[in-house]
Amino acid sequence: MKRLIRLGLFLLSAVLLTGCTGAQEQGEVMEPYAYTGDKTMYALENEFLSFSLDPATTYFQVTDKKNHTVWNSNPVEGANDEKADAESKKQILSTLLVKYSTDVGIQTTYSNYEYSIAKQVYEIEEGSDYIKVKYSIGDVEKVFIYPEALPESKMQIYLNKMDDSQKKQIDSYYRKYDVNKLRASDNKEELLIKYPDLETEKVYVIRDNLQEYISIKLEEVFDAAGYTMADFEEDSHRYEKGEAKQKPFYNISVVYRLDNEELIVEVPFEEMQWPHNYPLIEVTVLPYFCSGSAKEEGYLFVPEGTGGIIEFNNGKVQQNPYYAQVYGWDNGMKRDSLVDESRVAFPVYGIAKNNSAMLCFMEEYNTLATLSADVSGRKHSYNYVNASYTTLHSASVQVSAKSDRSVMVYEAEKPEGAIRQRYRFFGTDSYSEMAGGYRDYLIEKYNLVRYEKSGVPVNITLIGAIDAVKQRFGFPVSVPVPLTTYEEAKNILMELMNYGYQNVSVRYSGMINGGIKQTILQSVKPVSELGSRKELKAYLSYAKENDIAVFLDSVADYTYKGGLFDGFSVNRDASKYPSREVVKLYDFSPVWFGEKDWIDSYYVLKPQLAVSGMQNVAKAGGNFGTSGIAFRDIGYTLNADYNPKNLLTREKVAILQQEALKEIRAVGQKIMVKGGNEYVLSYTDFIVDMELTGNPYQIIDYGVPFYTIALHGLLPYTGTSLNLSNNYTDMVLKSAETGAGLSFTFMKEPVALLQNTNYTYYFGADYDKWKEEAYTIYNRYEAELGGLFNQFITGHERLAEGVFVTSYEGGTRVFVNYSNADYTEGTLKVPARDYKVEGR
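Here the sequence shown stands for residues 1 to 840, where the numbers follow this note's numbering.
Keep in mind the hints are simulated off the structure, nothing from the lab. Watch out, some of these pointers could steer you wrong.
Below, computed lysine-lysine pairings styled on PhoX-like, alpha-carbon distance capped at 20 Å [to be verified]:
| no. | residue 1 | residue 2 |
| --- | --- | --- |
| 1 | Lys544 | Lys99 |
| 2 | Lys490 | Lys316 |
| 3 | Lys334 | Lys584 |
| 4 | Lys748 | Lys771 |
| 5 | Lys176 | Lys194 |
| 6 | Lys670 | Lys544 |
| 7 | Lys537 | Lys670 |
| 8 | Lys316 | Lys295 |
| 9 | Lys525 | Lys584 |
| 10 | Lys83 | Lys316 |
| 11 | Lys490 | Lys83 |
| 12 | Lys544 | Lys619 |
| 13 | Lys490 | Lys769 |
| 14 | Lys217 | Lys161 |
| 15 | Lys99 | Lys83 |
| 16 | Lys176 | Lys202 |
Whenever a hint applies, use it, and build me the whole structure from the sequences.
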């Protein structure tokens, strides 16, 4: 049987990283993979899907047996795309893109088509239920397994096992050096330095510039003579040629599995290898899987806000491509300006075309992911959406105060486990049915159950205390200023009940540790200016008697620096950037986008302290008698701690927070979160301030309530407070379209008290000025939509520009018209800037 031709890259001083500044394995050889030449298709199959992979390219197809739709890993005609330049074409033909960095921070992207598939430096492994493709990506040269130079005594061992024909090949392709019979052009001194054995015996040296077919023959000859990889490695060290120059080169594997109706794709971190001076910083997985051509009709689904649709070939190539970070910016990474805050609450994307659709659930390590999407016509002829994952985070550090030179410092170790993406296929191009599939996924993954209550979920946020600078004994001092005392809060609830509100939850903000600008939750102390313990008890007792859930609002992950005795030490308690600096933050200006460093700074706490704070505030809430805890940060922002002494990635921090939330629920406290990141759904009773609209990316054609279709009938949720919105009519309409409840923010004191403070964003929170309008909005909303909140949403459709309809399982349809003209279809008329409910 013909021996497999191996490809090797022997790096004499290779260093493989588990992290650029962490544990390293010195002297380990990075050996690239090799294509065997096998032409047999690899296949996986079950009753729902069939998967076939071509070993000549590693491209694959997934066939959905329900409707015989075929989904391709790469565009079938990608190599012939006339629109694509050479670099874009390489990316279209790739199944992986990798980005690496140098020690000074220069970043470069390699496509695995150019640096692996085209060179056929990969191997395919087949298991009982998986297919694994092991790629070597980089500047890899073919190195054949035969000696480049051998002393005659050792060469004779192999010659004795060769026939005459094989011996002739050795004579033809090796030169036998004899120090006593050198040519005039030979430099004896250099040869003796290079081949010290020449002092005592002759040395065989391979001739230069052999053609590949000759190298293949020689490898076969030596293999037949018993030459092994171990011999090759020993002989490669025999004659020193100086240290091999390292080049960017990466080993990375992709594993494919079928799981019922879904394709599972994994990229194991433990199988990622790279040289120490070219660390791998990002991997893009299947960048063009299921992409649509310029000739096809369809759309890309992106998780912006509650969902966004980018129609194929929409011509918006002058607009920026879509780009968003899953769970938003990691504040463990430094930034000096902020123009747009990209943030995704649910890690899902999809593609629909030809009456079929694909939906990707980003599972393991979605905390490290960013999403990209673009339409045809910019760089090539394809519409695509994909996810990239950060493998190492970094920061630039100045070498010394006397030098302008900077170097990159990386997090202490690469992640454990594997990136995992789960692809589900649909026999429809309806995003509503795709969202229904996501609902099924969430129910199974997070054990979600039906929401049983009827009536509109209403969140009332009451502002307790803020801080303001007052003169005390001739000195400016920051002191708590009450905006809604306990007694006033009770009176507001009494008035709301008299109005006829039902299903009300209250988030009481600014009640503890200094007010809205809260300090570390090492201990939890009520703001004394809000009233006595007796008044607090009376307020909470009234709420309980009237079935009003009061949530104690808190911030666990961040802290302002309070007084000398607040228990916070910056160097001990704050998280660290990859540069090892303390994570110190300022708010950003919406005008000039830089840091407002004249306003108080705040800090990201170590994750362990944040979890401890969550536990402390839950205990305090139980002692006060609140129904639950509201978090302004947990479930909304997610920050890593890059301290090399105790690195905690976003993935690990999310797990710590989940465990803490589970413990809080276990002691009887309910949980309210802001935003509603997917990983907290198991432990959440109410989501407030959900981003129902998202950022106004021009490339997105229109928004859809994908996330809320999945959640409706499982969890109550609201958008931002109507009275703090730029346009509360738009927020009412968006709430009606997405099936959201209503949210208001109130304070008893007049808003004039906010002048000359940092809290002017509460401009519309005056309760006395808003209470009548709030009830008018609520009363109609409850009358027309109140019976829908325990039902699933079964459909959503865009009827015209700015006109949408949302359908419920009970048959009710909610029409929403954002436009300035009435919408009429048959007997249906939806007034301009209004909603209409039919089928109640």
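Quick rundown of the hints versus the structure:
no.	hint	verdict
1	Lys544 with Lys99	violated, 56 Å
2	Lys490 with Lys316	violated, 53 Å
3	Lys334 with Lys584	holds, 9 Å
4	Lys748 with Lys771	holds, 11 Å
5	Lys176 with Lys194	holds, 14 Å
6	Lys670 with Lys544	holds, 14 Å
7	Lys537 with Lys670	holds, 18 Å
8	Lys316 with Lys295	holds, 16 Å
9	Lys525 with Lys584	violated, 24 Å
10	Lys83 with Lys316	holds, 16 Å
11	Lys490 with Lys83	violated, 66 Å
12	Lys544 with Lys619	holds, 18 Å
13	Lys490 with Lys769	holds, 18 Å
14	Lys217 with Lys161	holds, 16 Å
15	Lys99 with Lys83	violated, 24 Å
16	Lys176 with Lys202	holds, 7 Å
Hints 1, 2, 9, 11, 15 from the list above are not met by this structure, while the remaining hints are.
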